[in-house]
Each structure stands twice: as C-alpha cells, then as structure tokens.
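Visitor: Residue numbers (my numbering), protein chains in the order written: chain V, 1 to 429; chain L, 1 to 429.
It is worth saying that the hints were derived from the structure and are not from the lab. These numbers come from a predicted model, not from an experiment. Only true hints are included.
Identical chains blur together in the list; that is why a pair holds if it fits in one copy or across any two.
Distance condition first, Cα-Cα at most 25 Å in a straight line; then the derived BS3-like pairs of lysine-lysine: (1) 36 with 51; (2) 296 with 278; (3) 385 with 114; (4) 58 with 38; (5) 385 with 91; (6) 307 with 337; (7) 2 with 278; (8) 2 with 17; (9) 279 with 2; (10) 114 with 337; (11) 17 with 337; (12) 279 with 307; (13) 114 with 91; (14) 114 with 149; (15) 291 with 278; (16) 149 with 337; (17) 279 with 291; (18) 291 with 424; (19) 424 with 278; (20) 51 with 38; (21) 337 with 385; (22) 296 with 279.
Single-letter residue listing:
2 protein chains.
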Amino acid sequence: MKTIINPPRETWASLCKRPVFEMTGLETTVREILSKVKAGGDKALYEFSEKYDGALPKDLRVSLPEIDAAGEVVPENLRNSIAVAKANIEKFHSAQIIDEPVIETSSGVRCWRKSVPVGSAGLYIPGGTAPLFSTVLMLAIPARIAGCKNIVLCTPPDRHGNINPLILYTAMIAGVTNIFRVGGAQAIAAMAYGTQTIPAVDKIFGPGNQYVTKAKELVQLDGIPIDMPAGPSEVLVIADETADPSFVAADLLSQAEHGPDSQVVMVTDNPEMIPRVKKQIDEQINQLPRKEIALKSLENSLMVQLKSPEECMDFSNLYAPEHLIISVSDPAALAGKVQNAGSVFLGKYSCESAGDYATGTNHTLPTNGFARSYSGISTDSFMKKISFQEVTPAGLNIIGPPVELMAAAEQLNGHKNAITIRLKSLKNV
Amino acid sequence: MKTIINPPRETWASLCKRPVFEMTGLETTVREILSKVKAGGDKALYEFSEKYDGALPKDLRVSLPEIDAAGEVVPENLRNSIAVAKANIEKFHSAQIIDEPVIETSSGVRCWRKSVPVGSAGLYIPGGTAPLFSTVLMLAIPARIAGCKNIVLCTPPDRHGNINPLILYTAMIAGVTNIFRVGGAQAIAAMAYGTQTIPAVDKIFGPGNQYVTKAKELVQLDGIPIDMPAGPSEVLVIADETADPSFVAADLLSQAEHGPDSQVVMVTDNPEMIPRVKKQIDEQINQLPRKEIALKSLENSLMVQLKSPEECMDFSNLYAPEHLIISVSDPAALAGKVQNAGSVFLGKYSCESAGDYATGTNHTLPTNGFARSYSGISTDSFMKKISFQEVTPAGLNIIGPPVELMAAAEQLNGHKNAITIRLKSLKNV
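Could you put together the complete structure from these sequences and hints?
Guide: Now the structure itself:
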C-alpha cells in the first residue's frame with residue numbers, strides 16, 4: 001500500500017484516480033456476442049455455453065423440481081442466517097415505498113407523482129467459485145417489493161450444467177422462479193433482446209465481469225436501461241485515534257479479497273494509525289484463503305495521513321467511495337458532512353461486511369467515483385415515477401392566460417391554441 | 001394519419017413502434033467533436049461556434065451585466081406569466097424532498113437513506129428560432145431546490161454571438177448565472193470534460209438535436225451521467241364519447257408542431273370520434289404558423305379505434321407515451337390503470353400545454369417508449385440517495401453470526417473475519 005503523509009490538496013484529485021484495467025478487444029468480442037444472440041436466439045446461447053462455461057445444459061430454464069430440490073442441500077443454520085438477512089432487507093426496502101402528497105400548485109390545479117413498477121426486471125448473478133447468493137437477495141427482494149410482475153434471473157452453469165443450490169434457494173425464497181442457466185455477455189443479450197426461451201425485460205440489473213459490464217453498456221445504447229455503470233469494488237475507512245487497528249485492517253482486507261482490481265483506502269489524522277494498521281494487515285492476511293488476491297489489491301491501495309477528521313472527510317468526498325466506514329469518536333457528526341458515497345458505516349462496530357449481507361441496506365452500490373451522481377440499488381430502481389395533473393376550469397382560468405403568453409413567446413402557437421380553444425369554450429358556458 | 005379500426009392485439013406491438021430517423025455518419029462526426037474539445041478546450045469551442053453557429057463570440061461566458069440587461073427587454077406581462085410558472089414548478093418540486101425514516105431492522109441495527117445533491121449540474125438549452133425558456137425553468141428550478149452548488153448552463157449563440165434575452169432572464173430568476181454561449185455536441189463535450197472556461201460537471205441534463213443526443217450517449221460511456229436517453233416528443237390521447245373533438249385536435253396539433261419527427265396518437269372507443277377529430281384537425285391546422293412541420297408529423301401518426309376505455313388504456317400502456325391525455329367521463333378511474341407514461345393529464349381541461357409550462361410538473365420526460373422504465377426529471381434527478389447504517393455491539397451480536405455463516409458460504413473469509421474479530425473483542429469486554 002502506498003503511504004502518503006499530508007499530501008497538498010492540489011494532489012488529491014490524482015490520488016483519488018482509480019487504477020485502470022483495460023482489456024483490449026473487449027468491445028469487439030462483446031459486440032459479436034450480442035449480435036449472435038440477437039440473430040440466433042437460444043441456439044447461440046447453447047453454443048456460448050459450450051464455449052465459455054464448458055457446459056452443455058439440457059435446458060436453459062431451470063425446472064421447478066430442480067429449484068425445490070436446492071433447498072434440501074442448504075444446511076439449516078445457513079437457511080436461518082439467510083432468513084435474518086432477508087427479513088432485514090425486506091424491512092428496509094419496504095420502507096422505501098412512500099406515497100407522495102397531492103400538491104395544489106394553483107387553485108384548481110392538482111399535481112402528484114405515483115411510483116409504478118417496471119414491468120419486467122432481469123437480474124444477472126455471476127457464477128464462478130463463490131456463489132453470490134447475497135446478491136440474489138439484494139436484487140430480487142426490492143424487485144418483488146416494487147411489484148415487478150416478471151422477474152427473470154440469469155446465472156452461468158457449472159461444467160455439468162448445474163446452478164449452485166444456494167443461488168436457486170435464495171431466488172426461490174425471494175419469489176423468483178424464472179431462472180435460466182446462461183451467463184456472461186450472452187445472458188445480458190438474452191435479457192435485452194429476448195430469445196425463444198428467455199423473455200426480453202424492461203431493465204437489467206446486477207454485477208459481473210468485464211464482459212457483462214461491457215454488454216450492459218452496449219445494450220443501454222440500444223435503449224435497454226441498466227441499473228448503473230460498474231467498476232471494481234472499493235472501501236474508504238476514516239480512522240481517528242479511537243479506531244481499533246485490528247478492525248480497520250480486517251475491513252480493508254475484506255474489501256481487498258474481492259478481486260485484484262479492488263481498491264482499499266485508509267485516511268487518518270493519527271500518525272500512529274498507519275503503522276498499526278499495516279502491522280495488523282500483515283498478520284491477518286496470512287489467515288486468508290484469498291491471500292494472493294488481497295495482496296494484489298493492496299498494491300493499488302492507499303494509506304493517507306491528513307490533519308483532521310474534517311480533512312479526512314473532504315478527501316473522502318473527493319474520492320466518492322462505494323463504501324465509507326467512519327471509525328471516529330463522533331461518527332454522527334462526521335456523517336453529516338458526507339457528500340459522495342454509496343453506503344456509509346458509522347462507528348467501529350459497523351463493518352462493511354455487516355452491510356454486505358444483513359443490516360438491510362443494499363450492497364449493489366456505485367463504484368469508480370460514480371457515487372458522485374448515482375445512488376445504490378433500492379426499491380426505487382425497480383420503479384418509475386409518473387407525474388399526474390388535473391386542471392379544473394377554474395384552474396385553467398388562472399394558468400391558461402400565462403401559458404398562452406409563454407407559448408406564443410416560444411413561437412408554439414399550437415400549444416397556445418390548445419389553451420385558447422378551452423378558455424373560449426368556458427366563456428361560452 | 002393512419003386510421004386503424006379494432007386492430008387485433010397481436011398487431012399492437014408493431015403499431016406502437018416509433019418511426020426511426022437515423023442520420024448516417026452522426027456518430028463519427030460527434031466522436032470527432034468530442035475528442036477535439038477534449039484536446040483543444042476553449043479554442044476548439046470557438047472554432048465550432050464559427051463553423052456551426054456562424055458566430056464569433058468575444059467571450060464564451062455571458063457577463064453579469066448582459067444577464068441583468070436581458071430582463072429589461074422582456075415585457076412585463078410575459079415576466080408575470082413566467083412568475084406564475086416558476087411558482088408552480090417550485091411548489092411541486094419542493095414537495096419532492098422527503099425525509100425518509102430511520103429503520104431499525106434488527107435490534108441495535110439502524111439504517112436510513114439521505115438525499116444529497118449532485119455537486120454540479122450542467123444544463124443544455126437548445127437554440128434555434130424559438131427560445132425554449134420554459135426548459136430553463138424545468139431544469140434550473142429542481143437543480144436549485146436539490147441544492148446543487150454549481151449549475152452551469154450552455155446554449156448556442158445566434159449569428160451575432162448573442163443569447164436570446166428570454167433564456168438569460170429565466171436563468172437569472174431561477175438562480176443560474178454561469179451561462180456559456182456554446183451549443184451542440186461541443187457544449188456537451190465542454191460540460192463533460194471541462195475546458196479553460198467551462199467547468200466539468202457531475203451530470204448533464206437537457207434536450208437537444210441528434211448531435212446533442214448522440215454526444216450525451218457517448219459521454220455517458222465515458223462515465224459522465226446524463227438525465228435520460230432522448231427521442232422525438234409524443235402524445236397519446238384517450239378519448240371517449242365525452243371528449244371534445246376540437247380540444248383533442250388542438251392537443252394533437254400542439255404536439256405535432258414540435259417537429260416533423262413528433263408522433264401523435266389518438267385512441268378511442270367511440271366510432272364517431274376519429275372522423276370528428278380529423279375534421280377539426282383539418283380546420284385548425286390552417287391557423288398554425290408551423291403548419292408544414294405539423295403536417296409532416298401527422299404522416300407518422302395514428303388514430304386507433306378500440307372496444308372500450310380499458311382496451312384503450314391497455315394500448316397506451318404498451319405504447320408508453322411521453323404525454324398521456326385521458327379525456328373520458330371518469331378519468332380518475334382510468335388513471336389508476338396507467339402503467340407506463342411520462343406525464344398524465346386527467347380530464348378535458350388538462351391539456352398537455354398546461355403541463356408544458358405551468359401546472360408545476362416537469363416537462364422533461366421519457367420519450368420513445370422509455371417511459372416503461374425511466375421517470376421524467378424531478379428534484380430526485382439532481383440528487384443521489386446515500387444509505388447509512390449504524391450497528392451497535394448489541395446489534396452485531398444479533399446479525400454477526402448469520403453474516404459469518406453467509407460470508408463463509410460465499411468463500412469470503414475476509415468478510416467473515418471482519419465480524420469475528422469484533423465479536424471476539426466484545427466477548428473480552
């Protein structure tokens with residue numbers, strides 16, 4: 001980890017730049033996958049499954065008996081743990097449905113907004129060695145709470161054509177049974193354009209590797225909305241003298257183990273904190289099965305010493321971290337100054353991994369500095385807000401004449417006439 | 001206008017397809033403009049201004065005296081009309097700031113979300129013959145209510161390098177004074193990447209021609225967020241026997257005059273409505289200065305007769321119109337069935353042009369079927385929601401053990417350890 005003591009402010013922007021990992025030829029490969037799926041449908045999906053997953057699944061759709069059977073192999077203590085996470089995620093995401101008031105803007109002019117679910121949501125869950133069933137909960141629960149009628153889930157099969165039972169089990173308890181064994185850019189293509197078996201959806205959600213991310217970018221250009229742009233995961237910890245170096249080290253490592261491109265940052269105003277945390281990292285990292293990944297991630301990472309907690313927060317706001325842990329004596333005071341972050345963890349017992357699974361907040365968050373303008377996934381992500389207005393004759397008598405004048409000034413006489421013809425008819429009543 | 005009587009449901013999807021107008025070479029041209037501005041900064045902007053606007057502005061930034069002077073040439077009755085619109089837009093958009101409750105998901109685990117403004121917003125206002133000062137209000141007012149610290153407005157100059165005084169006046173009364181005379185794709189590039197004079201912004205908003213739209217798409221791929229994808233404007237009117245054919249015709253024409261690529265649709269269950277509205281259109285269109293534009297737009301447009309108001313609403317939900325006017329005997333009942341629309345107008349006196357200017361709702365709305373998953377612009381568009389969580393030791397004792405199990409099941413032992421190390425320290429207290 002790079003250590004920087006009291007960097008001058010004019011250097012902060014360059015410190016906050018994320019490491020860039022670019023694959024050459026990625027866009028060409030993904031464009032080809034998208035067009036093959038668009039043209040070939042299911043047939044193309046089977047071909048890509050053989051090529052990329054080494055699998056020849058009998059059926060793209062996972063059958064209901066297969067889904068039901070999955071629960072039986074999940075141990076009871078894990079089922080109970082998942083139930084705790086599910087209940088908390090449901091509580092927090094249900095509270096996000098808020099009825100907005102009707103506003104009478106002028107007498108006789110009533111305006112309001114109504115949240116209406118997106119008709120169909122496509123969820124992508126990556127495969128690989130670790131089954132990310134927590135992400136199933138984080139996507140499927142708000143989709144169901146929002147009221148999406150059709151929820152489709154795509155995830156890649158293993159070499160035998162099977163889906164990890166934990167993915168199937170969590171999907172089932174979250175109410176999702178339209179599950180398809182297809183992964184990568186081809187899964188995004190299938191949900192964007194539809195195939196014989198997989199229905200096209202109204203919006204696509206979920207994390208993935210660079211192929212998946214690029215596919216999401218490209219289908220968005222084709223008019224299919226996606227949740228948000230993606231990038232490697234990251235955490236920033238603000239630690240003052242009251243922080244526990246072993247906790248901070250554990251938090252940095254929990255992020256570093258995600259992938260070699262993850263970035264972890266500690267910012268502190270305490271001169272002793274950096275050496276203490278480094279010592280803890282050196283000790284703890286040896287216990288981690290994913291040590292090699294964590295070591296690579298730490299190479300891209302930063303420890304920065306600044307002059308005060310407020311300066312640490314200024315740095316964090318410039319960095320705009322996906323996860324921000326505030327481990328200081330008065331975390332609430334500092335939390336009030338957060339301008340840019342995905343999800344914020346207050347105090348030394350609020351570790352990121354608690355929020356990754358079970359506090360109830362969503363763990364699908366903006367990375368790569370996107371927290372400056374994007375929100376994490378929430379129930380809102382599965383809905384759109386439609387505005388409504390009702391103008392009575394009395395209301396039209398008030399706002400009609402101003403609209404006529406403004407429309408004429410914009411040289412839109414058709415707009416003006418739609419008012420004039422109504423005002424005239426009211427005079428004749 | 002095409003007239004279709006009782007089309008079978010399986011043909012609806014093709015009826016709902018928007019006409020496509022594609023410019024060849026557009027992407028290449030726009031990519032070149034973006035890279036020239038990125039490399040050349042202000043110098044490139046002056047060159048493009050000379051090339052595309054035929055203007056050689058002395059200064060990109062509009063000076064404060066210039067802005068102040070604009071108000072003096074706006075007639076008093078128009079200033080008063082703008083004040084009515086501004087007050088209503090402010091009322092409706094202020095009500096969109098809602099404090100969300102803190103949720104205790106498990107005992108000792110508190111979660112909440114907070115809306116925080118995007119730091120800087122870039123507003124694009126098209127030029128051309130008609131000064132779209134109403135769009136200035138629709139973008140600048142919610143940006144200011146959200147609390148954006150920096151609001152930048154770009155709009156193209158006329159041949160003399162001047163900006164229409166109505167644009168300057170509405171910007172000023174909406175609190176925007178960072179105004180730059182630059183238009184087209186080059187304006188989007190300037191706000192995305194920054195130049196010597198024009199600061200880079202966190203998010204870009206506003207309508208524009210195909211160059212502007214393509215530029216917004218491309219900078220989004222570079223990580224600069226935009227409000228929403230764009231397309232030609234459109235209206236769908238549902239009319240039953242209680243609708244006034246002259247009102248319906250005026251509403252269709254008010255949309256048709258926007259541009260030759262606008263689409264207007266009427267859906268009715270009344271066999272007499274189509275001929276009546278057509279007759280009214282033929283009469284009213286002759287009064288319109290923009291008759292030629294409206295005629296071209298009507299060529300792409302539709303009149304559909306269906307069997308019931310409910311069937312009309314089904315058609316509308318499939319079409320997902322930007323504007324939906326419900327002119328039926330019980331508009332509220334039908335409004336409850338709206339699934340996909342940008343903004344909805346209830347009853348015969350609620351014409352679209354009222355909402356375009358002054359009901360208080362926003363007129364920047366999803367077109368081209370994007371209303372299936374996008375919302376129109378609101379105060380939310382200028383904010384992001386950050387999630388917060390605070391886990392007490394008691395809370396960690398509840399959710400910690402489940403998180404340990406789930407993290408282990410996802411093979412993320414670093415995540416597990418961040419919990420374990422804290423639980424151990426609590427036992428030792």
